[in-house]
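**Student:** Could you put the whole structure together from the sequences, leaning on the hints where they help?
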Amino acid sequence: MSLSKQDAVEKARKDLAQRLNVDASAIKEQAVEDDDFPDMALGAPEDGEMSGQMITSGWRIRLGANGQSYEYRADKNQVRLYKYKGKNYRL
Amino acid sequence: MNRNNILIHLALAVVLILIAAFAGQLNRWRTQWKHRVHMIPTAEKQRASTADEIALAEGRPSRAELLVKFKSGVSSEAIDGILERFHDRIEDRIENDPGLDAIDDLDDADVASTVAQYSALPEVEYAEPNYEIELDAVDAPPFVPVLPHDPRFTDQWALANSGQRGGKEGADISATRAWARTTGSDKVVVAVLDSGVDYTHEDLAPNMWTRPGNLAPYHDNELGTIDDTNGFNAIDSSSDPMDENGHGTHCAGIIGAEGSNDIGISGVNWKVQIMPLKFMNAGGFGTTKDAIEAINYVIDRKKDGVNVRIISASWGSTQKSRALEEVIRKAYESDILFVAASGNASTNNDRTPHFPSSYNVPNVISVAALDRNDQLARFSNYGVKSVAIAAPGVDILSTWLGNQYEEKSGTSMATPVVAGVAALIVAEHPRISVDDLKKKVLASVDPLAELKGKIATGGRINAAKAVD
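Chains as they are written, first to last, in the working numbering: chain A, 1361 to 1451; chain B, 3 to 470.
It is possible that part of the hints are untrue.
What the hints assert, rightly or not - No more than 30 Å apart at the CA atoms, straight line, and that leaves these computed lysine-lysine pairs for DSS-like:
{"#": "1", "chain 1": "B", "residue 1": "Lys304", "chain 2": "B", "residue 2": "Lys273"}
{"#": "2", "chain 1": "B", "residue 1": "Lys291", "chain 2": "A", "residue 2": "Lys1443"}
{"#": "3", "chain 1": "A", "residue 1": "Lys1388", "chain 2": "A", "residue 2": "Lys1374"}
{"#": "4", "chain 1": "B", "residue 1": "Lys442", "chain 2": "B", "residue 2": "Lys332"}
{"#": "5", "chain 1": "A", "residue 1": "Lys1447", "chain 2": "B", "residue 2": "Lys322"}
{"#": "6", "chain 1": "A", "residue 1": "Lys1436", "chain 2": "B", "residue 2": "Lys442"}
{"#": "7", "chain 1": "A", "residue 1": "Lys1388", "chain 2": "A", "residue 2": "Lys1447"}
{"#": "8", "chain 1": "A", "residue 1": "Lys1447", "chain 2": "B", "residue 2": "Lys291"}
{"#": "9", "chain 1": "A", "residue 1": "Lys1374", "chain 2": "A", "residue 2": "Lys1447"}
{"#": "10", "chain 1": "B", "residue 1": "Lys273", "chain 2": "B", "residue 2": "Lys189"}
{"#": "11", "chain 1": "B", "residue 1": "Lys442", "chain 2": "B", "residue 2": "Lys273"}
{"#": "12", "chain 1": "B", "residue 1": "Lys387", "chain 2": "B", "residue 2": "Lys291"}
{"#": "13", "chain 1": "B", "residue 1": "Lys322", "chain 2": "A", "residue 2": "Lys1445"}
{"#": "14", "chain 1": "B", "residue 1": "Lys170", "chain 2": "B", "residue 2": "Lys387"}
{"#": "15", "chain 1": "A", "residue 1": "Lys1445", "chain 2": "B", "residue 2": "Lys291"}
{"#": "16", "chain 1": "B", "residue 1": "Lys170", "chain 2": "B", "residue 2": "Lys189"}
{"#": "17", "chain 1": "B", "residue 1": "Lys442", "chain 2": "B", "residue 2": "Lys170"}
{"#": "18", "chain 1": "A", "residue 1": "Lys1443", "chain 2": "A", "residue 2": "Lys1365"}
{"#": "19", "chain 1": "B", "residue 1": "Lys322", "chain 2": "B", "residue 2": "Lys456"}
{"#": "20", "chain 1": "A", "residue 1": "Lys1371", "chain 2": "B", "residue 2": "Lys456"}
{"#": "21", "chain 1": "B", "residue 1": "Lys273", "chain 2": "B", "residue 2": "Lys170"}
{"#": "22", "chain 1": "A", "residue 1": "Lys1443", "chain 2": "A", "residue 2": "Lys1374"}
{"#": "23", "chain 1": "A", "residue 1": "Lys1374", "chain 2": "A", "residue 2": "Lys1445"}
{"#": "24", "chain 1": "A", "residue 1": "Lys1436", "chain 2": "B", "residue 2": "Lys291"}
{"#": "25", "chain 1": "B", "residue 1": "Lys170", "chain 2": "A", "residue 2": "Lys1443"}
{"#": "26", "chain 1": "A", "residue 1": "Lys1371", "chain 2": "A", "residue 2": "Lys1388"}
{"#": "27", "chain 1": "B", "residue 1": "Lys442", "chain 2": "B", "residue 2": "Lys189"}
Stated by the list, open to error - A few chain B positions that, by computed beta-carbon distances, are all more than 10 Å from chain A:
{"#": "28", "residue": "Glu79"}
{"#": "29", "residue": "Leu85"}
{"#": "30", "residue": "Glu93"}
{"#": "31", "residue": "Ile96"}
{"#": "32", "residue": "Pro100"}
{"#": "33", "residue": "Pro124"}
{"#": "34", "residue": "Glu125"}
{"#": "35", "residue": "Asp196"}
{"#": "36", "residue": "Thr202"}
{"#": "37", "residue": "Ser241"}
{"#": "38", "residue": "Met282"}
{"#": "39", "residue": "Gln406"}
{"#": "40", "residue": "Val436"}
No lab work stands behind these hints: they were computed from the structure.
Note that the Cβ used here is the ideal one computed from N, Cα and C, for glycine as well.
**Tutor:** Right, here's the structure in full:
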């Protein structure tokens, strides 16, 4: 699996629509930025997860729905939802 | 006496005082020089044997010359009688310390027995060898750096920083100096607990551990029997620790890419055995449970006789696991050092711990990262109580999947530098205990003002000091 930036945005959008139980068209793409994350879990480890402590380049994806903003983090290997209701999720 | 005469007399008095003071100092210098040349006579130095020169270089006395302090009240006649009895002579009488004599044994007996002979006398307060330490520095050979034949060595600023790409000359681990002493040993095994290792990489393959032929495949009561020919894979408990990410291969190259082989780079160790342990997947993350399984594998193999002395752990999180802490303690009890990344959140681990580096277990060394200017990397965690030492960790060139090389940054990269230096120490001191190994690593730093009050040792690892 090697994700492109667009693949990652689409995956994030679908995930958020599912979580919020809304149509994917209701999810707005607020910003997609290249960024460096502190580790290989993109600074968003799940419970019990350990990750390589190497600076990792990826994308910070901000999506909006129902007046709220949500942050996803992605690289070529993975997409993660950052601090959704206080927890991180790997998609 | 008029006013002018008074001034002339005063000036004369001042001049006389200055002359007297200068003469006194000259006398002191003369006395000191006399002692010095008497205790290290030029003629004797010239006729010194090779053994004597070696002894001098090692700070041992070159011959049976000793310092004897006679008790006050012992007459010079009594001293002369003793000297005659022992067939010795006074080499020099220390004028500033009555009763203290430098004595030469004309029989050339060994120093220890001569010292014992004098110490036993009731007239003697003490006797000791007269070490000629000064000659050590005079006779020390000039430092000759050892440079490997590796085409990309000049890009390895962590090992030899010449100021390349805007770096600070000398902001490195003094590897070329350490290599004058040792380039490592294929008797030392370092476990790289990571995403596995590309053990087919041409710069790593000669230094990869493989299960010795006399060792049976690994057996665990829960996992069953596993053919661990090339290492251990905890993710699916298979036999193949091949790296699918690159992170583990990068860390392995820092520790032990084969040195001076005309290929790529050089590891901190030119020769070593890297044991690949895979618990992180292609994404570079894994579970605590798999990390524990892999550490248990190392402990078991140590018990089976594999000389694995160090685990390099370039990973972590802020989540504490008691089970992980306990298995690291078990590794300590098996005499295995555990070198761990301090983390990349730019935070203070004293306040927000990062694990496993923050576990309070005696074999853990927590490592921060430095850039090529000896500055704490902008991402590096720190902590004067919880982070022990710093090492280069920015733009570090090392091995990557498919015979490639890449520059990466992180405390992940600083950690194998320290693990590699620990392996050099073990190469020099094969029987060193884990406690002494840790002490030696932490005592082998170049203090940096930048790190004062930020990490425990306040310094950057220095490989040359470590193997000295």
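**Student:** Decide, hint by hint, whether the structure agrees.
**Tutor:** Against the structure, the hints come out as follows:
| no. | hint | verdict |
| --- | --- | --- |
| 1 | B:Lys304 with B:Lys273 | holds (20 Å) |
| 2 | B:Lys291 with A:Lys1443 | holds (23 Å) |
| 3 | A:Lys1388 with A:Lys1374 | holds (11 Å) |
| 4 | B:Lys442 with B:Lys332 | holds (21 Å) |
| 5 | A:Lys1447 with B:Lys322 | holds (16 Å) |
| 6 | A:Lys1436 with B:Lys442 | violated (41 Å) |
| 7 | A:Lys1388 with A:Lys1447 | holds (22 Å) |
| 8 | A:Lys1447 with B:Lys291 | holds (20 Å) |
| 9 | A:Lys1374 with A:Lys1447 | holds (18 Å) |
| 10 | B:Lys273 with B:Lys189 | holds (9 Å) |
| 11 | B:Lys442 with B:Lys273 | holds (21 Å) |
| 12 | B:Lys387 with B:Lys291 | holds (28 Å) |
| 13 | B:Lys322 with A:Lys1445 | holds (21 Å) |
| 14 | B:Lys170 with B:Lys387 | holds (28 Å) |
| 15 | A:Lys1445 with B:Lys291 | holds (26 Å) |
| 16 | B:Lys170 with B:Lys189 | violated (35 Å) |
| 17 | B:Lys442 with B:Lys170 | holds (26 Å) |
| 18 | A:Lys1443 with A:Lys1365 | holds (21 Å) |
| 19 | B:Lys322 with B:Lys456 | holds (22 Å) |
| 20 | A:Lys1371 with B:Lys456 | violated (41 Å) |
| 21 | B:Lys273 with B:Lys170 | holds (28 Å) |
| 22 | A:Lys1443 with A:Lys1374 | holds (17 Å) |
| 23 | A:Lys1374 with A:Lys1445 | holds (18 Å) |
| 24 | A:Lys1436 with B:Lys291 | holds (25 Å) |
| 25 | B:Lys170 with A:Lys1443 | violated (40 Å) |
| 26 | A:Lys1371 with A:Lys1388 | holds (13 Å) |
| 27 | B:Lys442 with B:Lys189 | holds (20 Å) |
| 28 | Glu79 | holds (77 Å) |
| 29 | Leu85 | holds (69 Å) |
| 30 | Glu93 | holds (62 Å) |
| 31 | Ile96 | holds (60 Å) |
| 32 | Pro100 | holds (66 Å) |
| 33 | Pro124 | holds (68 Å) |
| 34 | Glu125 | holds (68 Å) |
| 35 | Asp196 | violated (7 Å) |
| 36 | Thr202 | holds (21 Å) |
| 37 | Ser241 | holds (22 Å) |
| 38 | Met282 | violated (6 Å) |
| 39 | Gln406 | holds (16 Å) |
| 40 | Val436 | holds (23 Å) |
The structure fails to meet hints 6, 16, 20, 25, 35, 38 from the earlier list, while all remaining hints are met.
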